[in-house]
Amino acid sequence: MPASSLNAEILKQDFPLLGRTVRGGKKLVYLDSGATSQKPTQVLEAERDFYENHNAAAHRGAHQLAEEATEAFEGAREVVASFIGAQTREVIFTKSATESLNLVAYSLSAAESPIQWRPGDEVLLTEMEHHANLIPWQELSKRTGAHLRFIPVTDDGELDLTDIDTLINEKTRILSFTHASNVLGTVNPVRRLADLAHAVGAIVVLDACQSVPHEAVDVTALGIDLMAFSGHKMLGPTGVGVLWGRFEILESMPPFLTGGSMIEVVTLESATYSLPPKRFEAGVPNMAQAVGLAAAIGYLQDVGMHAIARHEEDLVTSAIAQLETMPGVTVLGPAGPRGGALSFLVDGIHPHDVGQVLDDDGIAVRVGHHCAWPLMRRFGVAATTRATFYLYNTHEDVTSLISGIRRAQEFFGTSS
Amino acid sequence: MPASSLNAEILKQDFPLLGRTVRGGKKLVYLDSGATSQKPTQVLEAERDFYENHNAAAHRGAHQLAEEATEAFEGAREVVASFIGAQTREVIFTKSATESLNLVAYSLSAAESPIQWRPGDEVLLTEMEHHANLIPWQELSKRTGAHLRFIPVTDDGELDLTDIDTLINEKTRILSFTHASNVLGTVNPVRRLADLAHAVGAIVVLDACQSVPHEAVDVTALGIDLMAFSGHKMLGPTGVGVLWGRFEILESMPPFLTGGSMIEVVTLESATYSLPPKRFEAGVPNMAQAVGLAAAIGYLQDVGMHAIARHEEDLVTSAIAQLETMPGVTVLGPAGPRGGALSFLVDGIHPHDVGQVLDDDGIAVRVGHHCAWPLMRRFGVAATTRATFYLYNTHEDVTSLISGIRRAQEFFGTSS
Amino acid sequence: MNLEKMYQEIILDHYKHPQFKNLAPMVSGGVEVHHINPTCGDEVTLRAQVVDGVIESVTWDGLGCSISQASTSVMAGLAQGATVENALELTAQFLLLMQGKGVSTDADEILEDGIAFAGVAQYPARVKCALLGWMALKDAITREPGEINE
Amino acid sequence: MNLEKMYQEIILDHYKHPQFKNLAPMVSGGVEVHHINPTCGDEVTLRAQVVDGVIESVTWDGLGCSISQASTSVMAGLAQGATVENALELTAQFLLLMQGKGVSTDADEILEDGIAFAGVAQYPARVKCALLGWMALKDAITREPGEINE
Ligand SMILES: Cc1ncc(COP(=O)(O)O)c(C=O)c1O
Ligand SMILES: Cc1ncc(COP(=O)(O)O)c(C=O)c1O
Numbered sequence: 001m002p003a004s005s006l007n008a009e010i011l012k013q014d015f016p017l018l019g020r021t022v023r024g025g026k027k028l029v030y031l032d033s034g035a036t037s038q039k040p041t042q043v044l045e046a047e048r049d050f051y052e053n054h055n056a057a058a059h060r061g062a063h064q065l066a067e068e069a070t071e072a073f074e075g076a077r078e079v080v081a082s083f084i085g086a087q088t089r090e091v092i093f094t095k096s097a098t099e100s101l102n103l104v105a106y107s108l109s110a111a112e113s114p115i116q117w118r119p120g121d122e123v124l125l126t127e128m129e130h131h132a133n134l135i136p137w138q139e140l141s142k143r144t145g146a147h148l149r150f151i152p153v154t155d156d157g158e159l160d161l162t163d164i165d166t167l168i169n170e171k172t173r174i175l176s177f178t179h180a181s182n183v184l185g186t187v188n189p190v191r192r193l194a195d196l197a198h199a200v201g202a203i204v205v206l207d208a209c210q211s212v213p214h215e216a217v218d219v220t221a222l223g224i225d226l227m228a229f230s231g232h233k234m235l236g237p238t239g240v241g242v243l244w245g246r247f248e249i250l251e252s253m254p255p256f257l258t259g260g261s262m263i264e265v266v267t268l269e270s271a272t273y274s275l276p277p278k279r280f281e282a283g284v285p286n287m288a289q290a291v292g293l294a295a296a297i298g299y300l301q302d303v304g305m306h307a308i309a310r311h312e313e314d315l316v317t318s319a320i321a322q323l324e325t326m327p328g329v330t331v332l333g334p335a336g337p338r339g340g341a342l343s344f345l346v347d348g349i350h351p352h353d354v355g356q357v358l359d360d361d362g363i364a365v366r367v368g369h370h371c372a373w374p375l376m377r378r379f380g381v382a383a384t385t386r387a388t389f390y391l392y393n394t395h396e397d398v399t400s401l402i403s404g405i406r407r408a409q410e411f412f413g414t415s416s
Numbered sequence: 001m002p003a004s005s006l007n008a009e010i011l012k013q014d015f016p017l018l019g020r021t022v023r024g025g026k027k028l029v030y031l032d033s034g035a036t037s038q039k040p041t042q043v044l045e046a047e048r049d050f051y052e053n054h055n056a057a058a059h060r061g062a063h064q065l066a067e068e069a070t071e072a073f074e075g076a077r078e079v080v081a082s083f084i085g086a087q088t089r090e091v092i093f094t095k096s097a098t099e100s101l102n103l104v105a106y107s108l109s110a111a112e113s114p115i116q117w118r119p120g121d122e123v124l125l126t127e128m129e130h131h132a133n134l135i136p137w138q139e140l141s142k143r144t145g146a147h148l149r150f151i152p153v154t155d156d157g158e159l160d161l162t163d164i165d166t167l168i169n170e171k172t173r174i175l176s177f178t179h180a181s182n183v184l185g186t187v188n189p190v191r192r193l194a195d196l197a198h199a200v201g202a203i204v205v206l207d208a209c210q211s212v213p214h215e216a217v218d219v220t221a222l223g224i225d226l227m228a229f230s231g232h233k234m235l236g237p238t239g240v241g242v243l244w245g246r247f248e249i250l251e252s253m254p255p256f257l258t259g260g261s262m263i264e265v266v267t268l269e270s271a272t273y274s275l276p277p278k279r280f281e282a283g284v285p286n287m288a289q290a291v292g293l294a295a296a297i298g299y300l301q302d303v304g305m306h307a308i309a310r311h312e313e314d315l316v317t318s319a320i321a322q323l324e325t326m327p328g329v330t331v332l333g334p335a336g337p338r339g340g341a342l343s344f345l346v347d348g349i350h351p352h353d354v355g356q357v358l359d360d361d362g363i364a365v366r367v368g369h370h371c372a373w374p375l376m377r378r379f380g381v382a383a384t385t386r387a388t389f390y391l392y393n394t395h396e397d398v399t400s401l402i403s404g405i406r407r408a409q410e411f412f413g414t415s416s
Numbered sequence: 001m002n003l004e005k006m007y008q009e010i011i012l013d014h015y016k017h018p019q020f021k022n023l024a025p026m027v028s029g030g031v032e033v034h035h036i037n038p039t040c041g042d043e044v045t046l047r048a049q050v051v052d053g054v055i056e057s058v059t060w061d062g063l064g065c066s067i068s069q070a071s072t073s074v075m076a077g078l079a080q081g082a083t084v085e086n087a088l089e090l091t092a093q094f095l096l097l098m099q100g101k102g103v104s105t106d107a108d109e110i111l112e113d114g115i116a117f118a119g120v121a122q123y124p125a126r127v128k129c130a131l132l133g134w135m136a137l138k139d140a141i142t143r144e145p146g147e148i149n150e
Numbered sequence: 001m002n003l004e005k006m007y008q009e010i011i012l013d014h015y016k017h018p019q020f021k022n023l024a025p026m027v028s029g030g031v032e033v034h035h036i037n038p039t040c041g042d043e044v045t046l047r048a049q050v051v052d053g054v055i056e057s058v059t060w061d062g063l064g065c066s067i068s069q070a071s072t073s074v075m076a077g078l079a080q081g082a083t084v085e086n087a088l089e090l091t092a093q094f095l096l097l098m099q100g101k102g103v104s105t106d107a108d109e110i111l112e113d114g115i116a117f118a119g120v121a122q123y124p125a126r127v128k129c130a131l132l133g134w135m136a137l138k139d140a141i142t143r144e145p146g147e148i149n150e
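Residue numbers (my numbering), protein chains in the order written: chain A, 1 to 416; chain B, 1 to 416; chain C, 1 to 150; chain D, 1 to 150.
Hints were generated in silico from the structure; no laboratory data involved.
Check each hint, because a few of them may be wrong.
Derived DSSO-like pairs: lysine-lysine, alpha-carbon spacing no greater than 27 Å straight-line [stated by the list, open to error]:
hint: 1; chain 1: A; residue 1: Lys26; chain 2: D; residue 2: Lys128
hint: 2; chain 1: B; residue 1: Lys278; chain 2: D; residue 2: Lys128
hint: 3; chain 1: C; residue 1: Lys21; chain 2: C; residue 2: Lys5
hint: 4; chain 1: C; residue 1: Lys16; chain 2: C; residue 2: Lys128
hint: 5; chain 1: B; residue 1: Lys142; chain 2: A; residue 2: Lys278
From the structure, some residues in chain B lie toward chain A, with a derived Cβ separation under 8 Å [said to hold, decoys possible]:
hint: 6; residue: Leu11
hint: 7; residue: Lys12
hint: 8; residue: Arg20
hint: 9; residue: Thr36
hint: 10; residue: Ala56
hint: 11; residue: Ala57
hint: 12; residue: Leu65
hint: 13; residue: Pro136
hint: 14; residue: Gly239
hint: 15; residue: Ile263
hint: 16; residue: Glu264
hint: 17; residue: Thr267
hint: 18; residue: Leu268
hint: 19; residue: Gln289
hint: 20; residue: Cys371
Listed next, with one range per pair, are the computed distances between beta-carbon atoms [said to hold, decoys possible]:
hint: 21; chain 1: B; residue 1: Ala321; chain 2: C; residue 2: Leu12; range: 29 to 39 Å
hint: 22; chain 1: A; residue 1: Ala111; chain 2: B; residue 2: Gly413; range: 45 to 55 Å
hint: 23; chain 1: A; residue 1: Gly201; chain 2: D; residue 2: Ala92; range: 51 to 61 Å
Think of the CB as a built atom: it goes at the ideal place given N, C-alpha and C, for glycine as much as any other residue.
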């Protein structure tokens, strides 16, 4: 049974990379898990075991290895499904959340899409979307003529729902938004928005990149139709993502990538398509990465998603409290409850320069627009410095961050 | 310097999986590398080293790890480029050849495609294409109205070029075909076809899945425009493929997947796109897999592509010679020179049953339509049994295959 | 598990002498279905005549491996004259057998020759072969008469 | 490499007191370009007046980090009054410096304050910052006069 709390110092030992030093012997303080997480040995071992013992083309051979590879790959699908409260056949392996979201945007704008686009139709997003949940819809809009509309963001970094009843209207065909902001840490009211969108018959898509790694997510409770996330942000390998969809929705959607293993019957002129999930998994799949992702989920479950969420909340609350006492430092986003992405500004020092000083101390944060450029414009900044926390981060890491920022202020002569 | 010949027995020791047994202690004889290859320890170590020492989001962070990850990923791109005689900026990492081919088919049928489709336009394929190089074009044909035409296949399994001057005509906008058949082993005359297609202004796409792993390929010498292949068939990890394209062509193509890291400037309403290769690599990339693929290429280069090609030719020639002496056994495809895919039929025994008997002896072959269903129809069969060879296969493996087939004939009482 | 255990004599017998593999002419009220195994291209065409809930005749033709041919032959033998209800129950039992989930205690009584396929469950890639004809039967007897499905 | 070596005094000076950061009014025959660093959003707007192959004036405005601001300031100082040919040579030298490929022996003479950026080459992610203003210059002085690029 997972414990209700966790010991990050002990967990850290499972992550070989976290033991290394950078910039001439400085201890690494990794606060960039929002971009990509580190991997525990258990995940690396699972991938390796696949390659060394069971590697063959899944679904394609009649020999023992092919059977084992199929079992490993399909077993991984079961693990993912049960992790998010879904049916196994509702889980599609993609290469990334980016592919998952593109799959949806392409499929829903194809000729055989369950949505028959009419002039004036709308797709509703928010001002806080990652480019991965913005540009695919801009492209869809070019193909279908649909108008993009945006739920605005308040100064506190929350969705501004004042006009939600006009934003969600009978022309809304799709609502797609992020569960948790990768910049502000905001956690959005999924169920409420999903219910409003469903009331007008829209399809609801959730970008769960920044939620599934950090808290228990149940797709049924959220009341959504489709959901995307990436393996590499949740202790899994690079090169694997997930698209979940309600089976009825998936079944109504035409394929996206086409090729081997997703067809029923093929002639030179035409092809009929398999049922989901196969319909959406053309080609020899990313088997080892799916297996690695399943191992990552096993690791997260052993630690316990509630313990992880509580631990991160602890860290981010402490970080915010300390940052707020520092002159010249402004934290963006809501006070709480919130996710673990923490963006801040330091008066008179550009985020690149803040990041550089932190890096010199061995502290890895991200600086820039975080692939959410429109949100930056909304806040009138070109960039922020962002720290993100995960299960292996400690209070000591927070302390290092705070001292690093202080050093930056001293270095650039902006400390008072 | 790579030697001119290789010792498969010694190479085999680098492949942990090849040491295992199957079906109750039988020595594994892996003859299914055409579906997916096994991986040497060197590749697994390279991936692991990336995860344990350099893992971070490439192109996205300003800290040391992010620099190292970027260097590892971009270094892998250089390795791939020099392996196929290309410029570095011409190499795009995808998840698979299937994605690469879909990327091309989607991009070339988008509104901003360099091809402006006109009624009556044609896309020319061949009857021997893998579904991955067939169905994406069927879908393109639905979007653009283009007609698909096919270069027929002779009874010997070669392309029938009798009518090539009418098949390639001023309406041909794209010629896409496989370098080497995954079923018949046929190697197609790339340069000749590419030159004919270029003479009418068509874009030439090559499916190099079954050539790049097995012989030295130089994109310039081939005279083509775009080329797709998969890492997992060439000792690399699953979850990584390559699209190569002449820079001028890539630069003229609109993006396919959209999202982070492929844009210049983004507003809520629109985005401008980076130059290739970034334009085609949205999202956090499959870094570890790219690094693994580079290690696989290093391994292949150490052994030497010419030695590999010669070794496989040796094996396949010997196998064909032995099969041809067996009553009731028919080899499909050309006598030679040919690639290493060897399909055959055994009178009175369905390929599934042949495969089952071989499997019982520990011999892994593939049975079925090999994702080339139209080609099966062309030969009037539902399926074949296929053995494929690679650098780690030995003459002993060929002997096992022959005895296995004999056992199948005995078991089903068809041996005379 | 070895080859001999999987390919029981009964299976090889049915394979070499398939029963009811001879499509009866379509009569009014008959149903024809055509099923394909997409992973290998094996096909079966099946015609069934159901009158008042009783399967009066099942005939078939097809291309495929020993397992698919033999299991379709066994299926056709069992289905002749059975009620639709019974045939569906048989199909369910056969499916359980193939999924290796254990079958009811009297399974070998009701499945008769079908029980010989128990070993196939050990080879996941062959399960689809064994099910091809059975799924065609299920499809045919749960349709409206007169339908022809391609 | 440490922080102090990267952020030389000269860099911090230019950052705090950027030169020619004050867009001159557009006059006929002038060129304006606008460049953005897509990985971080930093921007520069640059106006140049070229008469008979000589850069009569370069002014700029922009938002960005210390490195991009300082390097644009240094660039503007060096470019005033230079010939287009010389300015392109300077740009080439600065690019070599940033690529860590070594520069000509008299580089510190011709790049003057620019040589202070040598340490930036150690930080690949910052190289683009240092190049932002220079690339804008190169773009501006190789265009036809009167062009405005967004
Ligand atoms: C000739 C050919 N083309 C395309 C493919 C598709 O490759 P993948 O499944 O790795 O995308 C394959 C292999 O399955 C192949 O043999
Ligand atoms: C909120 C959000 N959505 C989408 C993505 C895209 O994920 P990926 O790059 O793994 O496809 C990210 C991460 O970069 C993210 O934080």
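We went through each hint and held it up to the structure:
1. The suggested pairing of Lys26 of chain A with Lys128 of chain D holds, with an alpha-carbon distance near 26 Å, which does not exceed 27 Å.
2. Among the hinted pairs, Lys278 of chain B with Lys128 of chain D is consistent with the structure: their alpha-carbon atoms are about 16 Å apart, no more than 27 Å.
3. For a cut-off of 27 Å, the pair hint linking Lys21 of chain C to Lys5 of chain C stands: about 25 Å separates their Cα positions.
4. Note on Lys16 of chain C and Lys128 of chain C: the hinted pairing holds, with a Cα-Cα distance of about 20 Å set against a maximum of 27 Å.
5. Our distance criterion of 27 Å between C-alpha atoms is met by Lys142 of chain B and Lys278 of chain A, whose separation comes to about 21 Å.
6. Against a cut-off of 8 Å between C-beta atoms, the interface hint on Leu11 of chain B is violated, since the closest Cβ of chain A lies about 16 Å away.
7. Because the beta carbon of Lys12 of chain B sits about 14 Å from the nearest beta carbon in chain A, more than 8 Å, this interface hint is broken.
8. Annotation: Arg20 of chain B was flagged as interfacial toward chain A, and the flag holds, the nearest CB pair being 6 Å apart, inside 8 Å.
9. Taking 8 Å as the C-beta contact cut-off toward chain A, the hint placing Thr36 of chain B at the interface holds, the least distance being around 4 Å.
10. The criterion of a C-beta within 8 Å of any C-beta in chain A is met by Ala56 of chain B, whose closest approach is roughly 6 Å, and the hint holds.
11. Look at Ala57 of chain B: its Cβ gets to within about 4 Å of chain A, closer than 8 Å, so that hint holds up.
12. Nearest Cβ of chain A to the Cβ of Leu65 of chain B: about 6 Å, under the 8 Å cut. The hint holds.
13. Checking Pro136 of chain B against chain A by beta carbon gives a least distance of about 5 Å; that is within 8 Å, so the hint holds.
14. A hinted interface residue such as Gly239 of chain B counts as satisfied when its beta carbon comes closer than 8 Å to some beta carbon of chain A; here the least separation is about 3 Å, so the hint holds.
15. With 8 Å as the threshold, the beta carbon of Ile263 of chain B comes within range of chain A, its nearest partner Cβ sitting at about 6 Å, so the hint holds.
16. Because the smallest distance between the Cβ of Glu264 of chain B and any Cβ of chain A comes to about 10 Å, over 8 Å, the interface hint for this residue is violated.
17. The beta carbon of Thr267 of chain B comes within 6 Å of a beta carbon in chain A, closer than 8 Å, and the hint placing it at the interface holds.
18. The interface hint given for Leu268 of chain B is met, as the beta carbon of that residue sits about 5 Å from the closest beta carbon of chain A, less than 8 Å.
19. A hinted interface residue such as Gln289 of chain B counts as satisfied when its beta carbon comes closer than 8 Å to some beta carbon of chain A; here the least separation is about 5 Å, so the hint holds.
20. For Cys371 of chain B, the interface hint holds, the least distance from its beta-carbon to any beta-carbon of chain A being 4 Å, beneath 8 Å.
21. Between Ala321 of chain B and Leu12 of chain C the C-beta distance comes to about 32 Å, which sits within the given range of 29 to 39 Å.
22. Between Ala111 of chain A and Gly413 of chain B the Cβ separation comes to about 52 Å, which falls inside the hinted range of 45 to 55 Å.
23. Take Gly201 of chain A and Ala92 of chain D: their Cβ atoms lie about 60 Å apart, and the range 51 to 61 Å holds.
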